[in-house]
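> Chain by chain, the residues run as shown.
Protein chains: 2
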Amino acid sequence: MIEYELLKKEKFTKARLGKIKTNYGVVDTPMFMPVGTKATVKSLTPEELYEANSGMILANTYHLWLRPGEDIVEKAGGLHQFMNYKGPILTDSGGFQVFSLAKNKEKDITEEGVHFKSHIDGKSLFLTPEKSIEIQNKLDSDIAMSFDECPPASASYEYLKNSVNRTLRWAARGKKVHQNKKQALFGIVQGGAYEDLRRYSAEETVKMNFDGYSIGGVANDGESKEDMYKAIEYSTPYLPEDKVRYLMGVGEPIDIIEGVIRGVDIFDCVLPTRIARHGQAFTRYGKINFHNAKFKEDFSSVDETCDCYTCKNYSKAYIRHLITTDEMLGGRLLSIHNIRFLIKLTEELREAIKEDRILEYKGEFLEKYLEEKYE
Amino acid sequence: MIEYELLKKEKFTKARLGKIKTNYGVVDTPMFMPVGTKATVKSLTPEELYEANSGMILANTYHLWLRPGEDIVEKAGGLHQFMNYKGPILTDSGGFQVFSLAKNKEKDITEEGVHFKSHIDGKSLFLTPEKSIEIQNKLDSDIAMSFDECPPASASYEYLKNSVNRTLRWAARGKKVHQNKKQALFGIVQGGAYEDLRRYSAEETVKMNFDGYSIGGVANDGESKEDMYKAIEYSTPYLPEDKVRYLMGVGEPIDIIEGVIRGVDIFDCVLPTRIARHGQAFTRYGKINFHNAKFKEDFSSVDETCDCYTCKNYSKAYIRHLITTDEMLGGRLLSIHNIRFLIKLTEELREAIKEDRILEYKGEFLEKYLEEKYE
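From first to last, the protein sequence lines are chains R and S.
Numbering-wise, my numbering puts 342 at position 342 of the first sequence, and it's gapless, one number per residue.
Numbering-wise, my numbering puts 432 at position 57 of the second sequence, and it's gapless, one number per residue.
Just so you know, not all the hints are guaranteed correct.
[To be verified] Which stretches of chain R does chain S cover? Using the computed rule of at least three CB atoms under 8 angstroms from a CB of chain S, they are:
{"#": "1", "segment": "64-72"}
{"#": "2", "segment": "178-184"}
{"#": "3", "segment": "198-209"}
{"#": "4", "segment": "318-325"}
{"#": "5", "segment": "335-348"}
[Stated by the list, open to error] Only pairs whose alpha carbons sit at most 35 angstroms apart, straight line, appear in this in silico DSBU-like list of lysine-lysine:
{"#": "6", "chain 1": "R", "residue 1": "Lys181", "chain 2": "S", "residue 2": "Lys743"}
{"#": "7", "chain 1": "R", "residue 1": "Lys296", "chain 2": "S", "residue 2": "Lys556"}
{"#": "8", "chain 1": "R", "residue 1": "Lys296", "chain 2": "R", "residue 2": "Lys362"}
{"#": "9", "chain 1": "S", "residue 1": "Lys450", "chain 2": "R", "residue 2": "Lys294"}
{"#": "10", "chain 1": "S", "residue 1": "Lys669", "chain 2": "R", "residue 2": "Lys131"}
{"#": "11", "chain 1": "R", "residue 1": "Lys21", "chain 2": "S", "residue 2": "Lys687"}
{"#": "12", "chain 1": "S", "residue 1": "Lys743", "chain 2": "S", "residue 2": "Lys383"}
By construction, these hints were calculated from the structure, which means they are not laboratory data.
A virtual CB, placed ideally from N, CA and C, is assigned to each residue, including glycine.
With the hints as constraints, model all of the structure from the sequences given.
Quick look at the structure:
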């Protein structure tokens with residue numbers, strides 16, 4: 001189980017400082033979780049994550065259900081043992097992947113669950129709220145998510161209203177079969193960018209008394225930043241102060257800052273590792289792209305203010321060489337840097353909350369970040 | 376510069392125990408060098424190589440000449456600085472790649488050098504003995520190789536005879552322009568599997584007084600093991616005892632043992648990292664392939680006698696999962712293991728030489744290795 005402790009509320013915003021006690025150590029919030037999709041944060045070892053000061057990481061139930069299968073992970077002694085990660089692990093419900101990855105995006109959503117085809121081999125699959133929880137129980141993560149419907153950003157008010165109700169029924173069904181007593185279970189707030197739906201979804205989910213709450217449906221294709229911020233603003237006021245809040249799938253530095261200001265505690269995103277593999281890095285002065293020829297003879301580090309392994313040991317010129325020649329070490333070094341960048345951002349946000357200066361911090365950060373010194 | 380010290384000759388074979396003093400520390404021989412083709416041992420950091428107890432590593436002149444170019448490496452402060460490797464580095468001459476990688480293998484070998492087309496973009500290139508040394512001088516490796524012709528395994532006696540003479544003339548030309556006083560320069564013995572040609576090549580190369588000697592032309596496509604062992608046997612008797620001997624491109628465990636028994640000190644090969652990326656690992660009981668379904672629920676380590684990071688922390692089942700789902704960490708973990716396996720093999724060979732029991736060691740090793748417990 002987990003225990004959330006709210007340590008401080010910032011004076012001028014809804015930002016919160018807290019900590020979560022887990023079976024695998026205490027982690028501080030606000031926190032960014034690197035994503036270990038298939039029980040591996042792409043290209044990195046656990047030791048590299050510890051060195052980046054990672055707290056909790058996320059693994060994807062959908063992917064692990066398909067390969068290697070939850071029974072093998074269970075036989076290995078659970079996810080921590082299987083992947084050798086000694087910090088806390090959160091698993092999602094599989095819902096988001098079912099809705100976004102399913103082959104040809106063909107799916108049949110029924111009250112019972114979702115029929116869809118595997119993105120790997122087209123095999124027919126059926127995921128239900130009960131099955132999602134059963135898989136997560138076997139994976140033995142520290143925090144499990146309720147199975148929710150993730151409607152597209154374009155969904156109508158009517159569609160969303162029905163969907164929110166279905167997600168509530170699914171949450172109740174999942175909670176009923178949740179067996180793993182060491183594992184916390186979170187409910188998920190949906191409702192698009194509609195104030196009344198978010199409020200309704202939050203209030204009804206909270207009534208079920210979960211161990212924590214997620215805000216979902218904000219990282220869909222086509223979702224505007226404005227709608228994302230609205231979705232958060234419309235949800236957090238109705239979530240209890242003594243439970244942790246997790247904004248799913250968000251990892252742009254600016255969005256993390258805006259989320260924290262609106263009362264979010266946890267974030268996750270594939271962004272830092274994905275852009276790394278494409279040769280991009282976060283820096284204090286915005287994102288940079290190593291395919292850019294200007295880095296050919298630039299022997300300075302990726303970000304001179306960064307304390308990560310990559311920045312301590314390698315030049316932009318070397319990383320550009322690795323990226324442009326498709327050498328795996330390039331994506332790996334940039335993954336280390338990008339993950340550390342987001343984790344360090346949350347460390348700085350925690351300091352800013354302590355000092356009641358989060359709006360100043362945001363101003364200082366954005367002034368540099370939007371300068372686009374490099375592009 | 377380097378200094379080779381012969382510490383002991385084994386009693387019953389030609390095996391030698393020695394050490395090489397370099398600008399970047401002392402390394403023990405017999406030694407296996409991991410290959411860092413484009414200034415990166417694929418997917419690994421220098422720290423991972425140190426942990427595997429690597430001594431010297433190899434980098435490829437041809438690849439670095441093309442990308443990023445020797446001038447950028449020079450501006451970075453040389454290869455050590457560029458790639459952050461604090462141990463000694465050997466560069467090859469580029470000859471082998473010109474002969475094996477050039478686009479469509481079209482090339483025009485003249486007395487002056489070799490005209491060929493880049494394997495990357497088809498651009499016309501011209502590599503000469505002088506140019507090879509000039510590039511290596513700028514790369515600032517600890518040991519440079521003379522530019523040699525690498526004839527195919529199918530070459531006739533007549534062809535090889537002419538080729539050996541050309542390689543001798545090229546060696547003399549390269550030596551003449553060698554400028555980097557911190558860098559050692561090796562000569563290369565060629566001559567296929569012909570005793571008289573190997574002897575002639577060795578004796579004439581030794582007359583030029585290089586800092587060490589390589590045995591080349593043994594890792595070509597189509598070369599038989601028998602011919603490889605002959606090539607070594609016909610070369611080492613004519614090489615001076617007080618200089619180090621390097622067998623180029625050899626890395627099968629059995630070939631390393633046979634090479635050591637015939638008086639070789641240094642080996643290099645892409646094999647451990649290449650087979651790792653294809654999901655294969657060396658073990659005491661032969662090579663294993665992680666695509667094999669039998670490892671699906673095998674929670675033991677890759678090789679229970681191994682002390683590497685991978686074997687200390689991960690199961691076969693997890694590595695199989697990574698390999699079959701194309702996760703980069705799989706190739707990385709197996710690269711760590713495979714490199715450590717070959718380095719540990721050379722450590723054991725050094726112990727066996729100390730105890731004058733290298734033939735017993737070979738027998739014990741092969742008995743297990745050829746058992747094919749897994750396949």
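> Given the hint that R:Lys296 pairs with S:Lys556, test it: the Cα-Cα distance must not exceed 35 angstroms.
holds (28 angstroms)
> Given the proposed pairing of S:Lys669 with R:Lys131, does the C-alpha separation stay at or below 35 angstroms?
Holds: S:Lys669 and R:Lys131 sit about 27 angstroms apart, inside 35 angstroms.
> Does the structure keep S:Lys743 and S:Lys383 at a Cα separation of 35 angstroms or less?
holds (28 angstroms)
> Keeping to a limit of 35 angstroms between CA atoms, is the pair of S:Lys450 and R:Lys294 held or broken?
Holds. S:Lys450 to R:Lys294 sits at ~15 angstroms (cutoff 35 angstroms).
> Does the structure keep R:Lys181 and S:Lys743 at a Cα separation of 35 angstroms or less?
Roughly 47 angstroms separates the two Cα atoms, so the pair is violated.
> Given the hinted pair R:Lys21 and S:Lys687, is their Cα-Cα distance within 35 angstroms?
Given that 35 angstroms is the threshold and the Cα spacing comes to 28 angstroms, the pair holds.
> Taking a Cβ-to-Cβ distance below 8 angstroms as contact, does the segment 64-72 of chain R have at least three residues touching chain S?
holds (count 3)
> Does R:Lys362 sit within 35 angstroms of R:Lys296, going by the straight-line distance between their CA atoms?
The given pair, whose Cα atoms are some 32 angstroms apart, holds under the 35 angstroms limit.
> For the segment 335-348 of chain R, do at least 3 residues have a Cβ located nearer than 8 angstroms to some Cβ of chain S?
With 0 residues close enough to chain S, the hint is violated.
> For the segment 318-325 of chain R, do three or more residues have a beta carbon lying closer than 8 angstroms to a beta carbon of chain S?
holds (count 6)
> Please count how many residues of the segment 198-209 of chain R have a CB within 8 angstroms of a CB from chain S and say whether that reaches 3.
Answer violated; 0 residues pass the 8 angstroms Cβ test.
> With a C-beta cutoff of 8 angstroms, work out whether three or more residues of the segment 178-184 of chain R approach chain S closely enough for the coverage to hold.
violated (count 0)
This entry does not satisfy hints 2, 3, 5, 6, going by the numbered hints stated previously.
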